[in-house]
Amino acid sequence: MMSLEFAVAAALFAGVVAYAVLGGADFGSGFHDLTAGGARRGAPLRTLIDHSIGPVWEANHVWLIYVLVMWWTGFPESFAATMTTLYVPFVLALVGIVLRGASFAFRKYSETLWQAKLFGVVFATSSVLAPFFLGTIVGALASGRVPADGNGDPWSSWINPTALLTGCISVGTCAFLAATFLTADAARRGENALAAKLRIRSLVVGAGTGIVVFAGLIPIEHDAPTFWDGLTSRAAPVMALSALGGIATLVLLWRGRFGPARLAAVVAVAAVMAGWGIGQYPWVLVDQVSIADGAGARATLQGLLVAVGIAAVIVGPALGYLFYLTQSPEWNGEARGGVEAGEGGSIRRGDSHWSGRLGN
Amino acid sequence: MDATQLLAQASDVVAAADPAGLMPARQQMALSLGWHIILACFGVAFPAIIFAMHLRGIRRNDPVALNLAKRWGKASAVLFAIGAVSGTVLSFEMGLLWPGLMGTFGDVLGLPFAFEGLAFFLEAIFLGIYLYGWGKMPPKLHLFMVLPMAITGVIGTYCVLAVNAWMNAPVGFDIVGGEVVNIEPWAVLFNQHAFLAFAHMWLAAYMVTGFTIAAVYAVGMLKGRRDRHHRLGFMVPFAFATIAALAQPLAGHFLGHDLAERQPAKLAAFEYADETADGATPLTIGGFYIDGEVKWAIEIPYLSSVASLNSFTEPVPGLDQFPEEDQPPVNFTHYSFQAMVGIGLLLLAAVALYWFLRWRKKDLLENRWFLRFMAVTGLLAMTAMEAGWIATEVGRQPWIVYGVMRTPEAAADHSGGLWGIYGASVLLYGGMTIAAIVILRSMARRWRSGAADLPSPYGPRPLPADGPGEVRECADEKADGANRPTAEQGAAK
Ligand code: HDD
Ligand code: HEM
Ligand code: HEM
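So the protein sequences, as listed, match chains E and H.
Here the UniProt record's numbering is used: the first residue of the first sequence is 1, the next is one more, and so on.
Here the UniProt record's numbering is used: the first residue of the second sequence is 1, the next is one more, and so on.
I should point out that these hints are in silico values taken from the structure, not numbers from a laboratory.
Wrong hints could be hidden among the right ones.
Residues on chain E that point at chain H, a partial pick, calculated with CB under 10 angstroms [unchecked claim]:
(1) Pro-44
(2) Val-62
(3) Thr-73
(4) Gly-74
(5) Ala-93
(6) Thr-112
(7) Ala-187
(8) Leu-217
(9) Ile-218
(10) His-222
(11) Gly-259
(12) Leu-263
(13) Gly-296
(14) Arg-298
(15) Gln-327
The list that follows gives simulated cross-link-like pairs (lysine to any residue, SDA-like), each with its CA atoms no further than 25 angstroms apart [what the hints assert, rightly or not]:
(16) Lys-295/H <-> Ala-277/H
(17) Lys-140/H <-> Glu-330/E
(18) Lys-117/E <-> Arg-446/H
(19) Lys-140/H <-> Ala-452/H
(20) Lys-74/H <-> Arg-226/H
(21) Lys-74/H <-> Gln-327/E
Over 10 angstroms on every C-beta distance to chain E, these chain H residues come out as not near it, computed from the model [what the hints assert, rightly or not]:
(22) Val-78
(23) Trp-389
(24) Ala-435
We put the beta carbon where it would ideally sit given N, CA and C, even for glycine.
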């Protein structure tokens, strides 16, 4: 079973899961930005979002590039078939990704409130639309809507029960992840009022998403039978794990254990994604092209694994370092009870900091 | 036959040759690549320039340099963000617009893209650390966080250029009975042409970035802002641009050296060689190619053969040797190529003049005409780079993979409706361009008026009555600026 093709498919899928979790939390913050309320009421939450995703959003978003490149290099024909069929959701997701990244950066340096509002609205709206359309692509693939030769129906391929539901699930899981992450961030920064508000949000969004994920299974039985068979047999354990993770997250949030709640939420969402992958195994394009049939040249697959190996050795630690820094007290103004108190003061810094040596 | 019949027949021919979705797909590709490449230049070259400035600030304890490095970091945050999203557009478009290329050759050309992705990862990670690390990390460690970006710029550029070089000089596969076989992905990654193309593009990135930043400070000096801040802000990027501008024509010459064997039709178009000459081909300036002939041109004997073949006797193979359907659009290719070379030589002359006179103890920065010229060098370098790309890409036509696959075979079955998407893209890219300019200018204005930090207004300013903490500004910036020596703010005007 551990064939070369399988190894590449697994590496590709690992990227999908990483994107769903990290990129998902990133997208999801847009949902909360959108629903944060008017300029005055929403300001604390929007500021928190800016702090939380500012240093990491570009890195989180490279997972998508990784997935695309692995796909077109490892399974080129299925990539072309998917692109010629699902170009509508791809283009719409792309527009969302472009608008959100650009307007996030623009908002950070906006001069006036109206500019910040304009870019903020674009950022938030497109952050909700992009995961929806990416989700419909998942549903279209899982329900076998992409023919092996491509050029499938551009509309019915993704406007169907499974795809629309996976779109909603995708928005929900993003919002859920972001809510738990932001709650923990707010608590870590000592912004207790904000953390309390976010805790309620997380509970509501989490419960709602859980319901959508499991209600979403109902139409799949008829709409995507092959996928359904996989889900209810091979993938049943991970789906159960996902349910457990979701419940654990809610319990932990309820009890105010925000750090561990984050972990449980990650497990829940990663398990949902794994459920998709395992459910549709061994197909790349369900009922059409299997992993073994769709793979590209062997030498190329080996090359890809070399690239993945190097990435694991070099990119892995670097990514870990970035996440470690963003969680460290120095980057959070934790030491003095939150950023608020530190506004006029200073971020804690060592004596060696340059500003200390400038004779001021 | 009357005119309508003729017209109908003509459009039939066009339709048979090119599917309706081809032209908009090409325009779409050109727009998005042409836009991305400018931002990519900043992604490649800006980190090294910031590093040099930041290093100077730390080693010489120079607050002006530190302040410049910090501002450039913030400006680059805006540029890198739109650079990254516009790059994402490209990776979607490879599949959306050219499924025939990706489906057939995805596993041939994919490996360089995989390594490029690796480079992007590192770039994005260290970007996050560097930009947000001001004031939060030990300063030396923080400084070195910008270096990986300069290195990933090399890897990323090389990898993308490896793909493009492969499209121009395909290697690493055989076609047997219509099937692509014997694929050697490493041969694509390390193809011979890639190294030269990389060197040329990498230098172009340093020219575009160096001249553009220097131009900003040249404008400031023209407006009478003659302080150390402006001088230093001009000199450091100008030094980078100088080295690149001096090396660039050489790199370009070597890049073109094998064009006669690699893509003779492209070379003929570059040189306006309508027919193969009896001896050395002259260099053609001006003129226009119609009906298989170049008209109204000035010719300088020998020069074309000397430049492109290193020979006083051999002729450049003429366009008459290629069937019509294998020729690129000649005029567009030719003028793009000449624009690039012309601008390259002009910029070379300008930097050489500056340093020569400086050696003779005369400072051209006192000369308003020189500053005026410097103010447009950024745009000139961008034009040269775009022209170079257009010469390369349009000159490759009608092939997408030279000699192997024609562009129409690679295109998707989209209809003319693709023009709608193209129109929307023009609006989108136009909007992003305008927004980026507005934001960057507003940043500069606020800096000039003394604001050290640029907190975004996430809500209305709090009234004293609201009590503290209702609405906050960007605290990382705020806290960071609070420790800034006021003397520096004075100097930073
Ligand atoms: C600042 C930008 C810039 C400048 C000043 C120059 N170039 Fe260039 N040129 C490029 C930017 C560029 C480019 C846009 O980066 C290209 C497109 C593809 C590539 O690798 O580099 C290019 C392509 C390119 C090619 C095409 C190769 C091919 O299609 O295979 C040749 C022959 C040259 N250049 C030669 C020159 C010469 C002789 C120059 C002398 C002044 C010169 N370039 C200046
Ligand atoms: C370095 C990586 C690049 C790659 C892999 C690449 C790839 C492609 C592809 C696949 C096409 C469409 C097929 C074709 O028309 O032959 C194309 C066309 C084109 N590209 Fe590039 N490109 C690269 C860089 C650039 C840049 C930086 C520009 C900047 C202007 C550019 C300008 C164009 C233009 C103008 C066309 C349309 C040519 C035509 O159809 O007449 N390319 N390129
Ligand atoms: C000579 C041509 C090119 C060069 C030198 C180049 C270089 C770069 C650089 C430096 C970045 C990082 C941008 C930033 O953070 O500012 C970038 C981003 C990107 N480029 Fe290009 N690029 C080129 C052409 C292309 C082409 C042809 C493609 C795809 C077909 C492409 C795909 C991407 C992608 C997907 C990203 C985004 C990665 C991210 O999320 O950070 N690039 N490119």
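Status of each hint after checking the structure:
Interface restraint check: Pro-44/E against chain H, minimum CB-CB distance 7 angstroms, threshold 10 angstroms, status holds. Hint status for Val-62/E relative to chain H: holds, with the closest Cβ pair at about 5 angstroms, below 10 angstroms. For Thr-73/E, the suggested interface contact is upheld, since its CB lies about 2 angstroms from the closest CB of chain H, less than 10 angstroms. For Gly-74/E, the interface hint holds, the least distance from its beta-carbon to any beta-carbon of chain H being 7 angstroms, beneath 10 angstroms.
Here the hint on Ala-93/E is kept, as its CB sits about 8 angstroms from the closest CB of chain H, short of 10 angstroms. Hint status for Thr-112/E: holds, given a least beta-carbon distance of 7 angstroms to chain H, under 10 angstroms. The criterion of a C-beta within 10 angstroms of any C-beta in chain H is not met by Ala-187/E, whose closest approach is roughly 16 angstroms, and the hint is violated. For Leu-217/E, the interface hint is violated, the least distance from its beta-carbon to any beta-carbon of chain H being 30 angstroms, above 10 angstroms.
With a least beta-carbon distance of about 32 angstroms to chain H, the hint placing Ile-218/E at the interface is violated under the 10 angstroms criterion. Interface hint status for His-222/E: violated, as the beta-carbon distance to the closest one in chain H is roughly 31 angstroms, over 10 angstroms. The beta carbon of Gly-259/E is not positioned within 10 angstroms of any beta carbon in chain H (closest approach about 21 angstroms), and the interface hint is therefore violated. The interface hint given for Leu-263/E is violated, since its Cβ lies 22 angstroms from the closest Cβ of chain H, which is over the 10 angstroms cut-off.
About 3 angstroms separates the beta-carbon of Gly-296/E from the nearest beta-carbon of chain H, less than 10 angstroms, and the hint is met. Evaluation of the Arg-298/E hint against chain H yields a held restraint, the C-beta minimum of about 8 angstroms falling below 10 angstroms. Using the Cβ-Cβ criterion of 10 angstroms, the hint placing Gln-327/E at the interface with chain H is not satisfied: the shortest such distance is roughly 12 angstroms. Distance restraint check for Lys-295/H and Ala-277/H: the Cα-Cα separation of roughly 16 angstroms lies within the 25 angstroms cut-off, and the hinted pair is therefore satisfied.
A threshold of 25 angstroms between alpha carbons decides the hint, and for Lys-140/H with Glu-330/E the separation of about 16 angstroms falls inside it, so the pair holds. Straight-line distance between C-alpha atoms of Lys-117/E and Arg-446/H comes to about 19 angstroms, which keeps the hinted pair within the 25 angstroms bound. A distance of roughly 22 angstroms separates the Cα atoms of Lys-140/H and Ala-452/H; the hinted pair therefore holds under the 25 angstroms criterion. In summary, the hint linking Lys-74/H to Arg-226/H is supported, as the alpha carbons are separated by about 23 angstroms, within the 25 angstroms threshold.
Straight-line distance between C-alpha atoms of Lys-74/H and Gln-327/E comes to about 22 angstroms, which keeps the hinted pair within the 25 angstroms bound. Not every CB of chain E is more than 10 angstroms from the CB of Val-78/H (nearest about 5 angstroms), against its label as outside the interface. Listed as outside the interface, Trp-389/H is consistent with that label: its C-beta sits roughly 21 angstroms from the nearest C-beta of chain E, beyond the 10 angstroms cut-off. Listed as outside the interface, Ala-435/H is inconsistent with that label: its C-beta sits roughly 5 angstroms from the nearest C-beta of chain E, within the 10 angstroms cut-off.
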